[in-house]
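*Asks:* Fit chains B and C to the known structure of chain A by using the hints.
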Amino acid sequence: MTKLRHLIDPQDFTVEELEELFSLADEIVKNEKKFKNVCDGKILATLFYEPSTRTRFSFEAAMLRLGGQVIGFSEPGSSSVMKGESIPDTVRTVGSYVDIIAMRHPKEGAPRYASYYSPVPLINAGDGGHQHPTQTLTDLFTIRQTKGRFSNMTIGLCGDLKFGRTVHSLIKAMSRYENIKFILISPDELKVPDYIKTEILDRNSIEYLEVERLEEVIQELDILYMTRVQKERFFNEADYIRLKDSYILDKEKLKLAKEDLAILHPLPRVNEISYEVDEDPRAKYFQQVKYGMYVRMALISKLLGVM
Amino acid sequence: MTKLRHLIDPQDFTVEELEELFSLADEIVKNEKKFKNVCDGKILATLFYEPSTRTRFSFEAAMLRLGGQVIGFSEPGSSSVMKGESIPDTVRTVGSYVDIIAMRHPKEGAPRYASYYSPVPLINAGDGGHQHPTQTLTDLFTIRQTKGRFSNMTIGLCGDLKFGRTVHSLIKAMSRYENIKFILISPDELKVPDYIKTEILDRNSIEYLEVERLEEVIQELDILYMTRVQKERFFNEADYIRLKDSYILDKEKLKLAKEDLAILHPLPRVNEISYEVDEDPRAKYFQQVKYGMYVRMALISKLLGVM
Amino acid sequence: MTKLRHLIDPQDFTVEELEELFSLADEIVKNEKKFKNVCDGKILATLFYEPSTRTRFSFEAAMLRLGGQVIGFSEPGSSSVMKGESIPDTVRTVGSYVDIIAMRHPKEGAPRYASYYSPVPLINAGDGGHQHPTQTLTDLFTIRQTKGRFSNMTIGLCGDLKFGRTVHSLIKAMSRYENIKFILISPDELKVPDYIKTEILDRNSIEYLEVERLEEVIQELDILYMTRVQKERFFNEADYIRLKDSYILDKEKLKLAKEDLAILHPLPRVNEISYEVDEDPRAKYFQQVKYGMYVRMALISKLLGVM
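Residue numbers (the numbering used here), protein chains in the order written: chain A, 1 to 307; chain B, 1 to 307; chain C, 1 to 307.
Because the hints were derived from the structure by calculation, they are not lab data. Keep in mind the model is a prediction, meaning the values are calculated, not measured. Some clues are possibly wrong.
Copies of the same chain look alike in the list, so a pair counts if it fits in one copy or across any two.
[Unchecked claim] Straight-line alpha carbon distances no greater than 25 angstroms define the calculated SDA-like cross-link-like pairs of lysine to any residue that follow: (1) Lys244 <-> Phe163; (2) Lys251 <-> Glu85; (3) Lys162 <-> Glu85; (4) Lys251 <-> Glu210.
Chain A with its partners taken away, still in its complex shape:
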């Protein structure tokens, strides 16, 4: 991983590099104290050109738990002065003060453009509806830690599969492993885009099935990745009324599921997972939050070359 200075696209890592990263993250989970000074004297800048408190907190907590420090801005308002200047000048300036940058930007491609000029490692912390690579790392690490493997699995993706960038990235990432089957659960309006099917699934000869209702297939799943379904995305009210309950995971539906199912969600949720599910040992989404912090600790350490 020595040649990698930036993380812009979830696919920037090979399967081998991912495993190296995850095994470091796992070491941190098991013995966090050992790592509490590895970023001593280092500074992270969180440049958030749009607010995302959850992601910002995860990066900041990660850096602080490594013994590093943080400066940054968290919304357009406080960054207004820097918006007047070009991205190249901003990263060259900020890169004079800090050792690593996490950039969130509403404009697709801004972090990649920034990385060309950054004198320090730069992490894409989400660019519009485009990429959010550390969410994908979080999802993958959660699968690894809860299932103990990346291959030989049936993965259900449920909800809005059309606009959800995390879903598309997860399909791409998991398609690199052996014997993966996807079950794509969504209303017709919100199906996975065709290019994902042809360019990723078909090209890699990945088995997949498209269905409309979660209850039909939940018993087959090893992983269930839930996402939000917004009413506004439906073409007509009738469809919405007919289907909406199918995309809500509750105790009833869970009765049909495997004992060792792992339920993931990128959060925040609205109502697509009932609160009653939170107590079920198969609910892993809050664990996933914590894994997100650990995988960012590993990522920062790797990019800074301190581990």
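*Replies:* Leaving out everything else, chains B and C in the frame of chain A:
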């Protein structure tokens, strides 16, 4: 204090627990250096759903002086993303990143509700016009440090005694000590609410006196707790003009007061204490600011179980 | 420098005190690690009543690299609560929490007024169009580090010389050294104000020349300090069209310049320096950003008395 995980209401502490807290705070005052690493590796989240720079600074400085770290947001703008999700989900998420939370919220009861779900200790940093327990701890600790006792005192409360939550909390808190007398100084419109008189003062057989003018009673006081009186609170202009100068503490009125009077104010002030009073050794309100930081240092240490 | 508690005006330092500061900054440049704990246990407050991300980052990175910590606010929004109170009360309160304050304020003179009441050292981080002393320190330190001297130099100042406070401060500061010649390059509308010429330049018998075009004089310069020229500042469109290219530094103009010219800019730039110039070894403006952080490290250390 081992069973206490949260601080939501100023009455959450018994008199004995308070004394334990204050004697730790006093130790910190006397030997701050000794405590500079006790929160090493710990993180505080300041979740301020409404701005309160003064309170936020006090918490953050407290945590940093203990060797801990801080993440957070300070106003509705930057927290917008999290406002879309439920309080339980937010505290479970943030509680995955940090070791302790200070929450300020415009909605009464929000911190208590949050505490039911928080995996880490949660401190109410003010919830609307309801409670502000760390202000009460600050007031009490200032009384303890400046007077050397909590009993055998005449306490004057001056200004808006109707809407001031810090005044109500202070009455409740001090009513638990021996031989306390209150002198309640306010215009008729802004008198202490009846339930405070019947449920707190009368029930505990606390002596009290209600008067309209500070100059009438200032000579009797051991403590004078000043608060702001807003013109808008008066029913008629005539009353306001007749009384307004009675609620302004100046050098002239102070001539009548005891040598060892302690003047407190929760700050910020507008004009209810003249600037000329700042130089008087009896003015303790800036000392009170500093005690507020020390008592928060003690509180954080206790809740984290590091002291 | 023991008597100096605040930095409000760039002229607050004598030439000797400046040299003491710069030689400390130079030591930090050469051996940053040695200084990484000198502010251990100290806190800086950044009170930014108007946003200036660049300046705030420089102060915060400086304090963190010295092992200190930071609290603060970065824009009017989050400071709203404190805006209701007087500057004296705010600095006395904040000065109870922290060890040093950097204040940015849209109102001229606010930092000086604040310094009268501050219990801790206070640094003016820019007050409206008035003063920005740490920018001047940055400019001077960059000259010292790139040229190795402050005397015997021809300094070109190019662009808006009328409204640019950094230009005025630099003229004042450099006028204290030996054998300095200024070449003032600007359109007629944006010439250096008369009081600078009579009270600073003439009074100190400093040689200077006023010209309209950069290309006429660039070959004479040892330092070229570029600033932005806004179209709105011109009296008429014809002048703007005739002159605008004269205030843009590009590769073509640079061909005429000395081999050891140092190009400075307070940043952010708009288009007054072409991107192609960035690669030229004479371009020192990003180096200047870094020197700005180092000189603030030295300043904070000196004011806190830790070095």
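*Asks:* None of the hints should be skipped; say for each whether it holds.
*Replies:* Going down the list of hints, with the structure as the test:
1. Lys244 <-> Phe163: For Lys244 and Phe163, only the intra-copy Cα distance (17 angstroms) is at most 25 angstroms; the inter-copy one is 47 angstroms.
2. Lys251 <-> Glu85: between (52 angstroms within a copy, 21 angstroms between copies)
3. Lys162 <-> Glu85: The answer is between: 22 angstroms across copies meets 25 angstroms, while 35 angstroms in one copy does not.
4. Lys251 <-> Glu210: Cα proximity of Lys251 and Glu210: one copy only (23 angstroms, versus 59 angstroms across).
When each numbered hint is compared with the structure, no violation occurs for any of them.
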